[in-house]
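Peer 1: So the chains spell out like this:
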Amino acid sequence: MAWIPDIFRRREILNDLSEEMRLHMEERAAQLIAEGMSAEEADRRARIAFGNRAILEERSHEVWQWPTMESAWADVRVALRQLRRTPGFTVTAIFTLALAIGANAVVFSVMNAFIIRPLNVPDSQNLYGIARTASNDMGQSYPDYLDLRDRNHSFDDLAAYNITEAGLDTGNNPTRVWIEEASGNYFDALKIHPYLGRFFHAADEHGPESAPYAVLSYAYWRSHFHNDGGVIGRVIRLNKHSFTIVGVAPQGFNGTLMVFIPDLFVPLVDHTFFGTDEFTDRSDRWLFMAMGHLKTGVTKAQAIGDINSIAADLAKTYPKDDAKTTFTLAQPSLYGDYVGRPIREFLTGLLLLSGLILLAACANLGSLFAARAADRSKEVALRLALGSSRKRILRALFTESILVSIAGGGVGLAGSVALLNGLSTWRPISRWPLQLNVNPDARVYAVAVLLALVSGFLFGAVAVKQVLRTNPYEVIKTGAGGRTGKRLTTREILLVTQIAICAVLVTSSLVAIRGLARSLHDDFGFDVQNRLLIGVDLGMAAYSGDRVPIMQKRMIEALQTIPGVEAVGLADNVPLGDSSNDANVFTDDTQNLTASKAAADATVFSVSPEYFRASGTILKQGRSFTWQDSKDAPPVAVVNGEFARKLFGAPANAMGRYFKEHDGKRVQVVGIVEDGKYSTLTEDPVPVMFLPIVQSPSVSSVLVVQSNGDPLRLAAAIRSKLHDMDSGLPVYIQTRLKSLDSVLFGPRMATISLGVLGIMGAMLSITGIFGMAAYSVSRRLRELGIRIALGAKRKEVLQAALGRAIRLLAFGSVAGLILGVLASRVLSFVVYEATPRDPLVLAGVVLAMALLGLVATWIPAQRALGVNPLVLLRED
Amino acid sequence: MANNASRDLFPGALEMMILESLRRQPAHGYALVQHIQQRSKNMLQVEEGSLYPALQRLLKTKLVKAEWGLSSTNRRVRTYQITPAGLRHLEQQISSFERMFEGITLVLNPGKATN
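Just so you know, the sequences run in chain order A and B. Per my numbering, residue 1 is the first one in the first sequence, and the count goes up by one each step. Per my numbering, residue 1 is the first one in the second sequence, and the count goes up by one each step.
Only chain B is shown next, with the shape it has when bound in the complex (with noise of 0.2 Å):
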């Protein structure tokens, strides 16, 4: 597991992307894989198979939906959905990442925070 690089992701941040995803429209694991990996213009080297477990998590606990369908490629797919739930975690998730990661700015850079 050379390059798990979800494992260089603080828990919970992989989620979170995916809900954020799923939260501008509905998709498949392939295309949500895609999605995250443009949105970060590749910085982000998530391990494609990595999002499966990240996935029966959000199914187990609600916050996601799944479907079998057929894509616009016209291939059997399972689309994921995000829940009202799913919408409710991902704001809380949201603000307390922003929280976090302001703290963490002003720790980094404490003479900018002061003034």
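With the rest of the complex left out, here is chain A (with noise of 0.2 Å):
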């Protein structure tokens, strides 16, 4: 590249031309001159003698112009027209480069959103917060965060916040928002303003319940009050409790926890509208997170010391809750190591592995650009032979496989900005506010070029060593003769490897998608077929105490007198649901009521008579709740076989049987239902109890509705009873399938994952292969002329120039489908019911593998086929 810097001296350069062919005629006309010449005859004739100086100087001038620029664009119009002449060869290149350089731009971008790029507050690198180091987790309590805050030293202001779901009433249409309950110094700790009006801050706390104020996030100002500058000053309700609605939060602010999208932001000592949790009990660390700044000067170090010295003495003053507290600082936005550490291991993972399929990608287009190189051996022979030099030829090699890498450079980051567009609005799991705020930005678009770029001359670079050993006499006299050695080359051997590779990737996608089909229909202990679930929280429209059951049974009733409508339970939770409960329970016989004398730890759902009808449960025994079961009859419970398993040996001694609570309050086993799934699809059986809701009463309502045929038709009318019965109650309904999306989202996404990655390894096998084989077709193009000139059979001729590569596919996918049957164990931790001893998964692999492998060989075979030994041995 030295004609970039003579791009900028050319003018020095020329002058000093001009300036120098001026010198030459003076000295010569000065020479003439001495010999007695007249000066205007040495003038005359010195022109004369130097010659037509404009075209010396244009002929000077030429040789500084940028030849290079001008050759290489020549370069780039033969490369584009070589390129063009093999559209097959041009597309598998770029289409196998977009891919992985696509791949790549997704995972940096993904890591880019989450671990490079900041949080979107001012001075974001100095904000941290606390954590606690025994659990990882970054829970305070009320009372200990005001002690962190005050009493510390660090810290510019010390913020807290609390995550919940609310109802928001803006006049007739109750919905549910997730807010952000904030300490009132928030927003001026985290040094953000206001896009509209203002925020809340500590000087409007007085006490619980002092501050009725509400900041809207920007974007559910947009979405759900139109932009309206007036909602200034507006009154909402949340969970009936009136909001003033004071300001909205700045564009691209969400909170400080990345992915959690909250709709709006109300003060924290306002938390008992919402939740149960006391201000005053320093066990309950109900607050999520407490973070701030760091003051100047003041070293992460200096602040850690800082804070173990305000928990030592939390824990010596009250031993009961706060003993043996250490913390460390932590960043927000992933809330410390608890979901950032799995989170970077995660994508460090995926960022090697799609590393891993970028370098493949290069190995397998070398190896094509090397066999296009074999074909054109005679091409480069001749050229050398009449004096192109080497650098000239490899130039032009560059020229395409760099043209290669932009294109498929373009093409992939095309396809993964689209991508990682559909990401950043895609809700994972629709009930929560979750959002991938994975946008490409500029460092997105480097890094993907750059890539392109580095792999381009990465592949680029293998078809060049052949080019460097071509020796054009050896090549004229003889042809690109075959050496066709046993040994196995390090291209074979990487070849071999991306195919157990890819075999494994595909076995094991089988294996996920099997599993994930057959946990789809499998017994979860309820039916998902026409079932609705209708979430109603009581408490967002203020119920309590005895309303509450009466109200439970009130909708119960209503909804049962709905056209359609087969039969409706309630529960204040569900199997599979959002959360659930669990308690400890005892043997009858069991005195000591402590933890570690009890049972079992089961899980309890509070549910109605109609229940297990409703939500399809299977009763196996005994009989399910009356609504005689009441506050003052008898305290009944239905079980699972697990849970009279645990208590009673076995169910069949488990009817009628009484077990204690940890209050020492005496339940007798009615009735006896299947066992279910009721937190993962994949976890192992777990005792659990069902209690009549009306014996132990919850605000928390979900109702399950059986429907005689599609249930989401029901959805308007169920909506409508409801909203009859209490125009401000939220209303959420989903089908019981929907429901299942959080419990579905590991499998599924790793089964997606795994697809993807089957799909690249298996298109990387097909171009490693196709690329082998389309080189050892070439290569031995004249020797398998000769062969069928000598009337060879096709099959000998294809087991001439396939033979190696098949041998090679066969060994590969052998050893990868014994792999991948190993690896499938780790994925049955992930995915339901994932087995590898799966006659159809097995025959999947078989079965792809060959096809794969058939695809790679299709177009080498009709080349090998094709081969008119005629026209070859007159080429020759």
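All the pointers check out, no bait thrown in.
With a cut-off of at most 16 Å between alpha-carbon atoms, the simulated EDC-like pairs for lysine to aspartate or glutamate come out as follows:
| hint | chain 1 | residue 1 | chain 2 | residue 2 |
| --- | --- | --- | --- | --- |
| 1 | B | K60 | A | E62 |
| 2 | B | K65 | A | E12 |
| 3 | A | K620 | A | E642 |
| 4 | A | K738 | A | D710 |
| 5 | B | K60 | A | E12 |
| 6 | B | K65 | A | D16 |
| 7 | A | K721 | A | E557 |
| 8 | A | K191 | A | D156 |
| 9 | A | K324 | A | D313 |
| 10 | B | K60 | A | D16 |
| 11 | A | K665 | A | D632 |
| 12 | B | K65 | A | E20 |
| 13 | A | K665 | A | D589 |
| 14 | A | K300 | A | D123 |
| 15 | A | K597 | A | E661 |
| 16 | A | K191 | A | D157 |
| 17 | A | K738 | A | D578 |
| 18 | A | K320 | A | D284 |
Keep in mind that the hints were calculated from the coordinates and are not lab data.
Fit the two chains together into the complex; they arrive one by one in their own frames, and the hints show the way.
Peer 2: See the structure below:
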């Protein structure tokens, strides 16, 4: 690239030249004058002797004109022509690289969004949350928070917040919203300024329930208040309590927790409207996080020392609640290491994997280009013989690979941008306000372009070796002859590894898909067909005490009157739902009711009499509840098989027997239901007891409706019925199947990513095998031609041409299949019922690999069979 | 361009002669022309100016380097000097030229060569 400084030096060079030519003529003229010629004549003669100065000057200039630029352009045109001549090759190469670059761009973009890009608050690198060293979480009780806030010497200010769901009523359409309950100093500590109106401040807080102010998030203001600047001062109702909208948060500020997008912010001191937690209870760590900016000049280590001296003091003063407490500082955006570490590890793994994919793609493209160079070895040899420099030929080859890499990079980047934009608007679990802000930025584009260029050089370099070895004399004499050794080359080992990895991925993705498909039709212990869940948190409409069971019974009765409804049940929580409660249970003869003596830690659901029928849970023995199982009636329970086994040895023994709750209350088992899944699909059997909702009441209510057709058709009728009963009650309706989104999220993601990786692996293997087969065919074209001329059969020709590629494929596939079967055991932790011992999976893998081989070798095989010995021999 | 003498030279000949002259001693353009004409006993009628494109090519490929200075006659001149790369290049050129010349001679005088 020495021509780059030349460009800038050109004016100087040309001036020098002009001056030099003038001096030359002057000197010649002076010489002639000295020999006695007149000045005029001498000048004329000097000019004649010199020649046409203008033309000579121009020819000198040409030397310095951008020849590299111009010949580079010529190279590009030639390369484009060459690439157009072989569209199959070009498309394969571009597509392979596009996949690899796209995968890397996506992974890097996600990494960028989660780890590299800072939080969207000022001075974010100096913002730290307080984490507990023992449990890695960041929860705090309110009294501990106040102590930390008031006694530390390290933070500018310490803010705290909590996340919860609330019922929002702006007039006549109550909805559920996700709110961030923030301490009064929250916005000031984060140093952000409102988009509209004002924020609430520490000065607004005067004890519990004292600051009825709400701040809307920018996104929620846009989507639900239609950019109306007049919302400031409007009164809304949250869980039936009046709040005044005082401001709108700035665009792009979604709290400090990545992925989580709150709808609005309310003061923490109003928490009693939203939860039952106590401001004075030091053991109840309901605050989600406390965080703040370190004071200037305070190091992280100093700050940790500071808060730990407070922790030591707290542990001494409140040994019951704060014993052995130690703190550390952590990034607030991913909830410290609690979420951050697994995400970092996962992303690093992904980055490594996508890097490997790119390397494999480069290796494959390298062999594709090598095959191409071999095809053109005669052309190359001829050009070398005619005096073209090797450098020049290499430049032409590199131009081709760089063009392919730019095209591949462009396509890959475009694809990944589309994918990332999709991901950014995707809500993986519809119930929760989770959003992945993974929009690509300049950094992502730069990385993609850089990767594309580097890969272009990498795979271009493979072909270079070949050209450097080309001896024009030999090539023209003998043709691109075939060394066909038994020795495995590095390229072949790489290819086998690739095929094996591809087979592993294909195996495990098939296992995952089969597992997922099976688990969707599995026995969850309830039925998902024709079932609706209606979430009605009575707390959101300020129901309490005796009004709760009355309303619950009324709702059940009202829904039963809707045509198309077969059964209606009600539960405080449902299995595989958002949350569940658990309690220690004891055998009837246990006297000392401490946790260590418990017979089981049982999951508890409070349900209405019709619940089992409505949810499709099979009652194996005994009876369900009735409304007669009231508060005054003897306590009863329906348990599952596992509970019966744990407490009574066997389900057969359980009926009519008693067990004890932690308060000593004796409960009689009146029915036994089938085992099911309660919090995850892969869990071990869990002991579960169902209690009558009247005997253990709860404001949280989920109605389970069984319909006689498409359940969503009933949604409107249900909504209006409930609205008639209480227009201020937010209602959330979804099908039972949809409600499984969150538990199916992991297995689905695993299946999708394995599927994507499997497809990528397959693509890479195809290009790899294709490259190698094409290479071997083109190297041995003459030999094949001779064989055909001598009467070889098609089978023999194919065997000669592709035998090695097929053997490598078979070897790699078998190795991969075995490894895949082993690896799938790991998979069964994520995907329920994932098992490789499935004839369909094994057949699928074999079929997939065979198909892959067929696709990859089709074109080379056609070429080998289509060899016309006459043409070939004539060419030589 | 009736008497473009350099067109009668084979490509690279002028550069070769320049390099050879410079190997003996650094010189400026005018002196180079004088030298070549004298040494060839005026058999090569090199158009004086055609030296300069050749010199530019040599400069660009870094086979020579140039510096402004004063000549022995106290004129402002740009003096060219051969670089190590130039020396190597010159040797290659000369040896390949000699071989070519030998070949041509053999073709032109077949009788002499075989005996």
